[in-house]
Structures are given as C-alpha cells and as structure tokens.
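Residue numbers (numbering that gives the first Met the number 0), protein chains in the order written: chain A, 0 to 240; chain B, 0 to 620.
These aren't lab readings, by the way, just hints derived from the structure by calculation.
There's no promise every hint is true.
What the hints assert, rightly or not - To give a feel for the contact side, a few chain A residues facing chain B, derived at Cβ under 8 Å:
# : residue
1 : Asn25
2 : Arg125
3 : Ile171
4 : Ala173
5 : Arg200
6 : Glu222
7 : Leu226
Here the structure is a predicted model, which is why all the values come from computation and not from measurement.
Glycine residues also receive a C-beta, built at the ideal position from the N, C-alpha and C atoms.
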Amino acid sequence: MASSWITPPTRTELIEDLVSGVDRYNPSNVSILEDYLYHQIRSEEYDCLANLAILKLYQFNPDLYNPDVVINILLKALTASPLPDFNLCIALLDERPINTSLDEPDPLPQLLPVLNGLHDLLYRCRFPTFWKTYRSDELESLRDNYTVEVVGFENAVRAVAVRAVKAAFTRISAERLGSYLDLNGPDLEAYLNDLGWAIERSNSVVVIPPNPDNQIEATVVQESIKLPQLAKIISHSALKA
Amino acid sequence: MAQQRMAIWAAEADLDEDVDLSLAIGNYGQNDHYEDSPIPQPQIDESTLIAMQQHMAQQAAFSQIPDVVKGFIVHFHQAVLENNLAEITVAYESGWNKYTEKFYSRTEWPEAELIAPLVNDDPIFLILYRELYYRHVYSRLQPNIDDRFHSYENSCELFNYLLNSEGPVQLELPEQWLWDIIDEFIYQYQVFCTWRSKVKSKTDDELQMLAEGGPVWSSYSVLNVLYSLMQKSKINEYIVAQREGKSPEEIAEIVGEYGQRPLYRMLGYFSIIGLLRVHVLLGDYTLALKVMENVELNQKSPFTRVTACHVATYYYVGFCYIMLRRYPDAIRTYVTILNFIMRMRQYHTRSYQYDQISKTADRMYALFAVCHALSPSRLDDNIANTAKERYGEQYAKMIRGGEEALPAYEELFLYACPKFITANPPPYDNPIAMNALLSPTSPLESPTSAQPSSTDAAHRHLSLFLADVAAQAPVPTLRSFLKLYTSLGAKKLASFLDADEEEMVQEMMVVKQASRSVSRAGTEGTGLLDGQTITTSDLNFVIDENMVHIVESTVGRRYAGWFIKNTERTQKIFDDLRSMPLPTPPKSAVAAHTAPAAVADVQKGTRTGGQKVAWGGVKVA
C-alpha cells in the first residue's frame, strides 16, 4: 500500500497516536475517531486505518456500535476500489446479536447487501450498471440519508472509473467514457478538462495521457547480478591471494 | 511517467539460500533423552511427611503416582530452581513427553496440589506445572468448563508473576517453552471463543458460569497480556536498536532491566507474533501487519531459532497478504518459508513438533496453490510443483476458471485458513436475549441458525475472499484469447466469447486490474504494509478505442544464481578439506612421494567429512 494510504498527510498527530498506539483500544477515544470520520466526510479526505480503528472498538465494545458511523465508513471505503478497504471493513463487522439497546431499528442489516452489491459492481468495473443501480428508486433512502452527506461521493466513484480507464486505454470514445462517469455534454467536458484529458473534436474520442499502465512494450527481462551477490565469492578469493 | 512498472519476475527472489541451519534451528532435544532418576531422599523432609499425613485422602492418590514420575517432578523442580537451562530443556522436551506417553496418554497428570509436597509448595513451579498440566488436557483430553476457567486463571497468575513482581524475575526458561506458553495461551483463547459461541450444547451449570465469567478469556485481557509483555521487554526498541547497529551497552541502556533478560526479550518477541495471530483470528489484517512493523522477515535473526514460531509468523503474514489482495506478496512469503521447511526437514523429522510444522506447511501449500492460480508467477518452480502435486485436482479447476473453480477455491480456503473467532460472546449475561436464542426458532429463521456459529466466522471471511475470486473469474479465459494475438478488435473478441461488447470491454479493465498488485518487491526493509504497484502478469495490453493491442514479456534464463550457489558450495568444500587435520600416513606411504600422500589426504578427508565428491572416485579410476 502506498505510504499515503498507511499515513495520509491529512492525519493529525492525535489521530496518529490513536492509530499506532495502544490507546486505540480505549473505548473513551471512540468519539475522537468518529469526529475524525465526519471530518473526512465533509472535507473529501480519507483515512482507512483510522476508520478501521473505529470498527475495532465496535468489535470489542458492542455497546458503542453506531450504525450510521459504520455505513459512512463503508461508503468511504467503497470508493477506494480496487484496494481492499471495503472488505477490510466488512471483516471487522462481527455477527452481532439482535441489538435491543438502539432507539430505532438498525438500518445496517438492510443496507449491507446493497452496499455489498455496489462494491461488487465497482470492483468488477461495471460502471454503467453501478450508476443505474445507484440512481434507482430502491436506493433512494441510501442517497437521501447517507451519500448526500458524503461530500464528493459521486466524484469519488468517478475517480474509481478514471483509475480503471487510465490503466487500460490509450483512447476511448467520449460516449463510452461518459457512461462510465455518468456524465455527458458540457459536464463531461468540464470534468475531462479538470483531468487534463483532451477530446479529439473530429471523432469525439478522448485521449488518455501516457502512464506506466497504458504504455505497453514487449520486454525480455535479463538477469542482473548485483555486487552483494558476489561478495562471498570475491572475499573468499581475496583471502586466498 | 511513462516508464514501465516494475514486474514481479524482475524482482529478485528474497530467498536466503545460505542460512546456517545449525544456528537458525533450535535443538529439539533429540540428542538428549531424559533418564529416569531416583528420588533423592533428602528432598522429602520431615515437614513434607507431616503434610502428607495430614492429607490421608490425598495420600492414596499420591501413592498412585509412579515413583519415576515423582522423581521426574523433583528433578524438574530442582532444574528450575537452579535455572539450569540444559536440564530444564531435557525435562521439558523429553521427560515430560516420555512420561505422558507412558502413564498419562489418556488421563490427566496428577493435580498440582497433589505433587505440591514434592516441590516444597514452590508456587512458581506449581504455576509452571499447571501450565503443562492444562496444555496436556487441551491436547490429549476434553477440557471441561472448569479446566477452561482454571487454565485461564493459571495463565493470569503466570503473567502476573512475570509482569508485576518487583523488578524482573530471575527465572530462566528455554526459548521453546516460552514460545509454547504464548502459543498455548492464544490457542486456549481461540478454542474457548469457539466453544463459547456454541450456545445450544451448554448445560445449565455452564450457562451460569459463562454468565458470571466476566473477563475470562476476553479479547481485552488476552491483548492486554501480549501488549504488556511487548512493552515491558521494550522489544520493539530492541529490534530497532539492533538494526541500527548499536553497541551492546547502548542496547542494554535502551531496553532497560527487563529487556536485558533473555526471558523477557523472547516473551516480548513472541508476543508480537502472538498479536499477529490474534489480529488475524479476529479478521484485522492491517493491524496484524502493523504490529509486525519493526520485525524484519528474514531467517538470520536469532528469533528464528524456535522453528514453530518462525513458521507461524510466515503463515499468518502470508494469510494477511491474501486478504489484502496482495497475492504476489503472499506467494513470496510462502515460498520463503516452504523452502526453509524443506531444507530443515532432514534435521527434524523426529522432533515432537514436526507434525505440527508439517501440517502448517501443508496448509501453506494449499494457500500457495490458491495464490498461484490467482496470480501466476514463476518465482519458484520447486514449490509450485509440490503444491500442484498435492492439490493438483483443485489447482486444475482453479486455473481453468468456470463453474468448478469457486468450489475448489472454497475447499482449499476452508482447509487452510486460520481458525477465525468472533470477538464477543453470545449474550450469556442477558437472560432475555439468551432465551430468544435458545428457544425453538421460528421456521423462517431455522436454516441460518442451524449452522453452528463456530463456522460463521470462517464463512464470513470465506465469502469476502470468494467475492474477490469471482470478480476475477473472466480473467483466465480472456487472457488465453489475448495470448493468441498482437492486436484484435473488441467486437471480434466479444464475438469469440459470445459476449456483449461493452460488457467485455469492462471485463478487460478487470483483467488489467488483476495484473497489477501492490507488493513489497523492491521496497524491502520497510514495514510489511508498505509496497508499490507492480505488474504481475507477463501479458500486457492496452485498448485504443476499439482495438486491443497485446504484448508479452519474456524472461531470459537465469544462470547467475546457479553458478554463484555452486561456486560458494565448492569454496566451502575446499575450505573444509584444507582445514582437515593431516592423516597419519600409513607406514608404506612414509617413504613415498609427497604427492600421493596429498591424494590420500583428500580421499580420507572426503570420507570423514561425509561429502560425496565425484572427482574423488574418478581419480581412483
């Protein structure tokens, strides 16, 4: 994982201490981490390890469990695809006994299959289907109650698509790309403009700038011998001399 | 920007070829066997006799204990009192197992209270004795709820003594035993959690005890012990100081009075590995790798002397990588340790731990096969062939893809995965919720609740893994088509596959995604979580609007490693020969020329060294 994933530059010292120290097990710190999650949601930041620390506290202290926090964590993790963040979060959600202490019915059991489905579509690069599902009537409550609060959620999904397209294409038709991004016309143009991707006017094809993944060349890997590998042999001969 | 990604096969395999096995592997007491020792008479003094008379009832039981066992316990106690590591090791690794086989293969060892008079009621020895006593119950017999609770209490007493005495305790124990203490502690925690989660088979007494059990085997208390040992011993500081090449004096200063003692240092290190394991059992893979932050995975550190610990470390680290979708890293991890196990096999086939190690190795071969199917690589043909031999049928299904692939993945995963646990008990302390759980469930719910909850944890993790695998399902087929072309229209490819063109293009992005992975290759020396994106497939492609362009990379044959290895080997043989003492020349040879004597020298040396040198024979011919 890139180091910015392990330690995002936006993580404060206080959070770093909680994530890396034993204080992460202290239930009284959960509100600090939850506040940090809501900060991430408002300011388009993301810190997977800090969010996993919340789920860890929930795992050990079922009475702390707050379904809204869990759903927000999952929404943030969703757009980290193809990194495994979403699965890492799910892995920490133990089977929990029917929770009687909540005032309202727990929305998570209902939403979990929906979120799982959305994750599956993103991980399998089924972007047009993702948008169709996401915009469907069935998911209205998810949109109205949750994703609307996650600032930049839709753009974060587009970023997933952009990552996949960048790796696989050198050129892609604007129509196809539009269906992946759920954008068209001036919106699409503005979005591509921000990315710095150019559209060829003549045939409306988008040119993807070269990057390590969409530049292919046939290579023959030759072995390279480094000095340390020969150290033993050379030192042995030197002793003899 | 446009340079190529580093490819997995271009990275050097980080296999330590020349591990000094005599150093890296502990001695499992194969050479020393515990001899029966008579009871040293002075040990049973007058006060002991009085104490025994006071317990007439116990006496009968006491007299049941064979004399050799009494002698063994007295002797064992003496060795512990004297901190005589060699004697403790023999008693622990050989004596205990010997008498277990002979007298206690199907029953408990005598209760600690019963043998207390033999050891002058030494509380520390009795704690250690109980540690062995309960371990024996867990491994050979069925522990009942009292055993489970008492073994927990005994572990707490032991750790309390180690952590909360005034200053570091003077006790010394063999490294193997220290590892077994930590290993067993976590094992008992794991079986307790599994047992606890099965609500339906409990008697009323058991329900009562579980309701009032409080912190017994709670995750917090287990983590607490491990973190405390880690912090008390300053093991992380020790490892960092070692790596920075600090002098022994500086290190002693850094680690303090606890960390200087081998007992605490080893317990500290084993606790890190213990935490790795606990976090994996609870499904927290990132935290598991994070606690390993300072530990360098290599086979040269003195911490690898306890083979069981060494093997467990790699097993759990590799598993974390699988769940992080870092299959190349998992492969590298397993290749390293499986090679190690292969090389040490000749030394250890009779060790009492060999069974356990070879079972773990089997599971790692299964996981290797899984990773190899998901991310084919050519890192080590030897291991790959063994894995294919053992799991050939499943491997063939996995690599072929299609309908039969998923069940094969499932089979190997369930066979080889850790024994996952659920962190929290069922609500034993909440009568209402318990009644709801225990009462006959409505027909609607029964299919789910019929499944024993112990497998639930494993199945939850299985389904996450299988979802990842299923997403990759179209990859093998697409790759096999792409291999045949250098460029191909998307429409044509879709028609081959009898698929919708747009769907197929989206699947191509999955193929691309599956041939990239985060990996530690090239970033060695940093934490286990670190890594960079690398290419994992030799097949690369790019889509230009509707045209797929394909290239394949090839690897030139590698010779250097072979030559380096054999040159080093030859040099070593040469050195061995040179350092051998000159044989006393036979009488006839005294008068002979010097040259034939030298030949005799070489041949003699060859024989005593036990090395087979081909040219030795050629010379004669």
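How the hints compare with the structure:
1. A least Cβ separation of about 11 Å between Asn25/A and chain B goes past the 8 Å threshold, and the interface hint is therefore violated.
2. Proximity of Arg125/A to chain B holds as hinted, the smallest CB-CB distance being about 6 Å (cut-off 8 Å).
3. With 8 Å as the threshold, the beta carbon of Ile171/A comes within range of chain B, its nearest partner Cβ sitting at about 7 Å, so the hint holds.
4. Hint status for Ala173/A relative to chain B: violated, with the closest Cβ pair at about 11 Å, above 8 Å.
5. Against a cut-off of 8 Å between C-beta atoms, the interface hint on Arg200/A is violated, since the closest Cβ of chain B lies about 15 Å away.
6. Evaluation of the Glu222/A hint against chain B yields a held restraint, the C-beta minimum of about 5 Å falling below 8 Å.
7. The interface hint given for Leu226/A is broken, as the beta carbon of that residue sits about 12 Å from the closest beta carbon of chain B, more than 8 Å.
Hints 1, 4, 5 and 7 from the earlier list are contradicted by this structure; the remaining hints agree with it.
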